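Hey, can you work out the whole structure from these sequences and the hints?
2 protein chains.
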Amino acid sequence: MNSADLGRRVGVPSTALFTDQYELTMVQAALKAGTADRRSVFEAFTRRLPEGRRYGVVAGTGRVLDAVENFHFDDEMLAFLRDQRVVDTATVDWLADYRFRGDIWGYPEGEVYFPGSPLLRVEGTFAECVLLETVILSILNHDSAIAAAASRMSSAASGRNLIEMGARRTHELSAVAASRAAYIGGFHTTSDLAAGFRYNIPTVGTSAHAFTLLHDSERDAFRAQVDSLGRDTTLLVDTYDVAEAVRTAVEIAGPELGAVRIDSGDLLLVAHRVRQQLDELGATETKIVVTSDLDEYAIASLAAAPVDAYGVGTQLVTGSGHPTCSMVYKLVARAESADPGEPLLPVAKKSLGAKTSRGGRKWAARRTDAYGVAEAEVIGTGDVPAGLVDRQLQTELVRGGEVVAREPLEAARDRHVTARAGLPMSAMQLSRGEPVLPTEYV
Amino acid sequence: MNSADLGRRVGVPSTALFTDQYELTMVQAALKAGTADRRSVFEAFTRRLPEGRRYGVVAGTGRVLDAVENFHFDDEMLAFLRDQRVVDTATVDWLADYRFRGDIWGYPEGEVYFPGSPLLRVEGTFAECVLLETVILSILNHDSAIAAAASRMSSAASGRNLIEMGARRTHELSAVAASRAAYIGGFHTTSDLAAGFRYNIPTVGTSAHAFTLLHDSERDAFRAQVDSLGRDTTLLVDTYDVAEAVRTAVEIAGPELGAVRIDSGDLLLVAHRVRQQLDELGATETKIVVTSDLDEYAIASLAAAPVDAYGVGTQLVTGSGHPTCSMVYKLVARAESADPGEPLLPVAKKSLGAKTSRGGRKWAARRTDAYGVAEAEVIGTGDVPAGLVDRQLQTELVRGGEVVAREPLEAARDRHVTARAGLPMSAMQLSRGEPVLPTEYV
Numbered sequence: 113m114n115s116a117d118l119g120r121r122v123g124v125p126s127t128a129l130f131t132d133q134y135e136l137t138m139v140q141a142a143l144k145a146g147t148a149d150r151r152s153v154f155e156a157f158t159r160r161l162p163e164g165r166r167y168g169v170v171a172g173t174g175r176v177l178d179a180v181e182n183f184h185f186d187d188e189m190l191a192f193l194r195d196q197r198v199v200d201t202a203t204v205d206w207l208a209d210y211r212f213r214g215d216i217w218g219y220p221e222g223e224v225y226f227p228g229s230p231l232l233r234v235e236g237t238f239a240e241c242v243l244l245e246t247v248i249l250s251i252l253n254h255d256s257a258i259a260a261a262a263s264r265m266s267s268a269a270s271g272r273n274l275i276e277m278g279a280r281r282t283h284e285l286s287a288v289a290a291s292r293a294a295y296i297g298g299f300h301t302t303s304d305l306a307a308g309f310r311y312n313i314p315t316v317g318t319s320a321h322a323f324t325l326l327h328d329s330e331r332d333a334f335r336a337q338v339d340s341l342g343r344d345t346t347l348l349v350d351t352y353d354v355a356e357a358v359r360t361a362v363e364i365a366g367p368e369l370g371a372v373r374i375d376s377g378d379l380l381l382v383a384h385r386v387r388q389q390l391d392e393l394g395a396t397e398t399k400i401v402v403t404s405d406l407d408e409y410a411i412a413s414l415a416a417a418p419v420d421a422y423g424v425g426t427q428l429v430t431g432s433g434h435p436t437c438s439m440v441y442k443l444v445a446r447a448e449s450a451d452p453g454e455p456l457l458p459v460a461k462k463s464l465g466a467k468t469s470r471g472g473r474k475w476a477a478r479r480t481d482a483y484g485v486a487e488a489e490v491i492g493t494g495d496v497p498a499g500l501v502d503r504q505l506q507t508e509l510v511r512g513g514e515v516v517a518r519e520p521l522e523a524a525r526d527r528h529v530t531a532r533a534g535l536p537m538s539a540m541q542l543s544r545g546e547p548v549l550p551t552e553y554v
Numbered sequence: 113m114n115s116a117d118l119g120r121r122v123g124v125p126s127t128a129l130f131t132d133q134y135e136l137t138m139v140q141a142a143l144k145a146g147t148a149d150r151r152s153v154f155e156a157f158t159r160r161l162p163e164g165r166r167y168g169v170v171a172g173t174g175r176v177l178d179a180v181e182n183f184h185f186d187d188e189m190l191a192f193l194r195d196q197r198v199v200d201t202a203t204v205d206w207l208a209d210y211r212f213r214g215d216i217w218g219y220p221e222g223e224v225y226f227p228g229s230p231l232l233r234v235e236g237t238f239a240e241c242v243l244l245e246t247v248i249l250s251i252l253n254h255d256s257a258i259a260a261a262a263s264r265m266s267s268a269a270s271g272r273n274l275i276e277m278g279a280r281r282t283h284e285l286s287a288v289a290a291s292r293a294a295y296i297g298g299f300h301t302t303s304d305l306a307a308g309f310r311y312n313i314p315t316v317g318t319s320a321h322a323f324t325l326l327h328d329s330e331r332d333a334f335r336a337q338v339d340s341l342g343r344d345t346t347l348l349v350d351t352y353d354v355a356e357a358v359r360t361a362v363e364i365a366g367p368e369l370g371a372v373r374i375d376s377g378d379l380l381l382v383a384h385r386v387r388q389q390l391d392e393l394g395a396t397e398t399k400i401v402v403t404s405d406l407d408e409y410a411i412a413s414l415a416a417a418p419v420d421a422y423g424v425g426t427q428l429v430t431g432s433g434h435p436t437c438s439m440v441y442k443l444v445a446r447a448e449s450a451d452p453g454e455p456l457l458p459v460a461k462k463s464l465g466a467k468t469s470r471g472g473r474k475w476a477a478r479r480t481d482a483y484g485v486a487e488a489e490v491i492g493t494g495d496v497p498a499g500l501v502d503r504q505l506q507t508e509l510v511r512g513g514e515v516v517a518r519e520p521l522e523a524a525r526d527r528h529v530t531a532r533a534g535l536p537m538s539a540m541q542l543s544r545g546e547p548v549l550p551t552e553y554v
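Protein chains in written order, with the working numbering: chain H, 113 to 554; chain Z, 113 to 554.
No lab work stands behind these hints: they were computed from the structure. Quick caveat, the model's predicted, so the values are computed rather than measured. Don't take every hint at face value.
Have a look at the derived ranges for each label pair, beta carbon to beta carbon [said to hold, decoys possible]: (1) H:G484 to Z:D420: 50 to 58 Å; (2) H:D420 to Z:A412: 26 to 34 Å; (3) H:R331 to Z:E522: 31 to 39 Å; (4) Z:Y409 to H:R159: 15 to 23 Å; (5) H:D187 to Z:R194: 47 to 55 Å; (6) H:R544 to Z:Y409: 16 to 24 Å; (7) Z:A460 to H:G484: 51 to 59 Å; (8) Z:Y409 to H:H384: 53 to 61 Å; (9) Z:E522 to H:D339: 33 to 41 Å; (10) Z:D209 to H:E392: 40 to 48 Å; (11) H:G164 to Z:T530: 38 to 46 Å; (12) H:D186 to Z:S270: 24 to 32 Å; (13) Z:D502 to H:H384: 30 to 38 Å; (14) H:D339 to Z:P452: 22 to 30 Å.
Cross-link-like lysine-lysine pairs, in silico, DSS-like; alpha carbons within 30 Å at most [to be verified]: (15) H:K462 to Z:K144; (16) H:K144 to H:K462; (17) H:K399 to Z:K144; (18) Z:K462 to H:K144; (19) H:K399 to Z:K462; (20) Z:K462 to Z:K144.
From the derived model, a few chain Z residues whose C-beta atoms are all more than 12 Å from chain H [claimed, not checked]: (21) D209; (22) D353; (23) E368; (24) H384; (25) D391; (26) S413; (27) T507; (28) L521.
From the three backbone atoms N, C-alpha and C, an ideal C-beta is built for every residue, glycine too.
Here's what the structure looks like:
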């Protein structure tokens, strides 16, 4: 990893085997046929948004840049490929020298997207570009799914605090990427220490029922927690009886008690009762954190409840019903040689109706109306119309194999706020609907 | 990783930060209160199966053992915890020496489970057990979700070949674990090279539309592939016109052509036509591989089609609608000191109706009827009834911190076949239903 300045490593030494076998066998066949170095353009895009969703959120771009940089085959991997006869010796030798030396342009992280948006455009020789397909899609499909769910939850929460707590509900390393994507989508903190370590996302914690059950009484447990973590801590009040727990909590921590957490029951009702009780006890500044299978709909339904923060787990890290984005990575143009002077010819699959795609190297721009609100995602293959030049969405990410667009996570997080705010208001509706922008091909 | 004999490393040096912050702050508070070393029993279980599912499949146990062995805090991690003031200095010092030294019993990998089944029982001091909560749940929740989907697909495929192709649809490291879980659930091969490298799962590959589009004609592409990969390769025949592609494929590779892949269109219809055409061309041994958004229902609906292998991606790695298993890890009993002579007292959350659990250290057994078919999952906290002693489900996995139950992946895969075969026939129905075994508490 070469992004130590943006966080710490919780990772893998090489990303080269996060790859479907056919990427390597295609390289082998193309090397033998003399077509491996044909100049090629691949694009990552999705044919549709998940059903009912009104916009997508680009996330994972920063991780893609890490993955491209770390895509190299070490000796042990090469030995594996040789011993298992995954590819022939000539290809193993070629892979030993592999580094991506091409160019990548794409939607910057945090931007919104629509069906057909060319999210990433990868250019180089066929062989160097095709190898990156699997890992690029893994990252974009996962991270963008989580960011989209996070963005909806963040709309629903209307500025209240959102804590990402889903680590236990997904693969341990998905969880780290999910925290990152959730942060981009508008979450404020995470419970996942690895996400704090790797990405500098602020980490928080409360306590579990086990901590209360460990002690001889709830009183002992609360005292132990306050003694060690201070009055500003968050006490979990639903192990035995909520009203009694709240009374005990304020008795022990005083009105300076940081927060109480409610993790079961009718959250709307219980939050109201707990708020009233806290206020009566003088703990008017003590906050209420709710958790328990929340999703964007549950968050929205608690808008009228006196809740200060939502802890969200399962539904966040599984994309709230849509754990992946169906992005694909397609060859859209290629030349007949490696010669930069050779013209790029658009190519596209034609058979069987479904799954066809549009050939040609694409640009994308977002047209706005007289009020500055986005009105269309415009995609084309020729010259960019003058009125759209300033509204182009793709930025340069990698030039000649060098990453040129690293940025702090906050930049992507801020960009998402701006991009979402530029969409028609109906983008924020949680109900099912069509994409809020039409995609126009010119 | 200490399991080099079972595969190679694609991993992380330490699993200790795949942990929610509150696990560490609870340890801090318990250390200060003098309760951290109380002898404790935690159990991982689920309160319900995903809606409509008839059985669950235990997967991830082997990865849990790796995670427990690799759960230690290195200097960089300790510095992070200290600098970010996640916990106090006394706790950082305690963590520096942390190794799990307790015992773990559990359902062996590949076994089936039901609501309440105590899948993992972790015993030791409170502090050493509570720290493992997050990573244990991450692994079991993810891997078991994939294995359950794989098992249903494997029932539906009735012995036909199943290829795991989902790497691009999920996080790049989830993908590796998903391949592993799918293999346990009955898949035969994977496209994911990292899964082959790490777990010795057989890897396979075909080719993509990009390979055909790279070349000046489909004929050139097929020739390039056959020249390099041999006649036994799998040619993708739906880039332009399927009938023409099949004709060209057999012309180039001869009747020894390994297989053709169909990735779009009405698979039932197209498979029939392609089979007829292949047979007419004399390629009677050439196999047909279908891919394209398959799930267990699509696989079942293709039972009458002349299909030899199914490549499954999205729906497999996202658990076919249920990407996580809602497993929890609960303190069920604890003593009042670390003294092994001190009695274990059952404990359980009581508040607010939902989410309550049963206290006490549990055993589990599967009772069978006169025909040897399973009829109930029996769970108890006292002595095991004589008739069930031989039918107990938990096995010893870790003794005094040492892993004692490592096994090859094939053992878990074989165990699943046996366990599923022991269930009532209705377990194999794909339609929604109740768990096929009732859970009885004695």
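Notebook entry, point to check: Going through the earlier hints one by one, which of them does the structure break, listed in rising order?
Noted result: 2, 3, 5, 8, 9, 12, 13, 15, 18, 22
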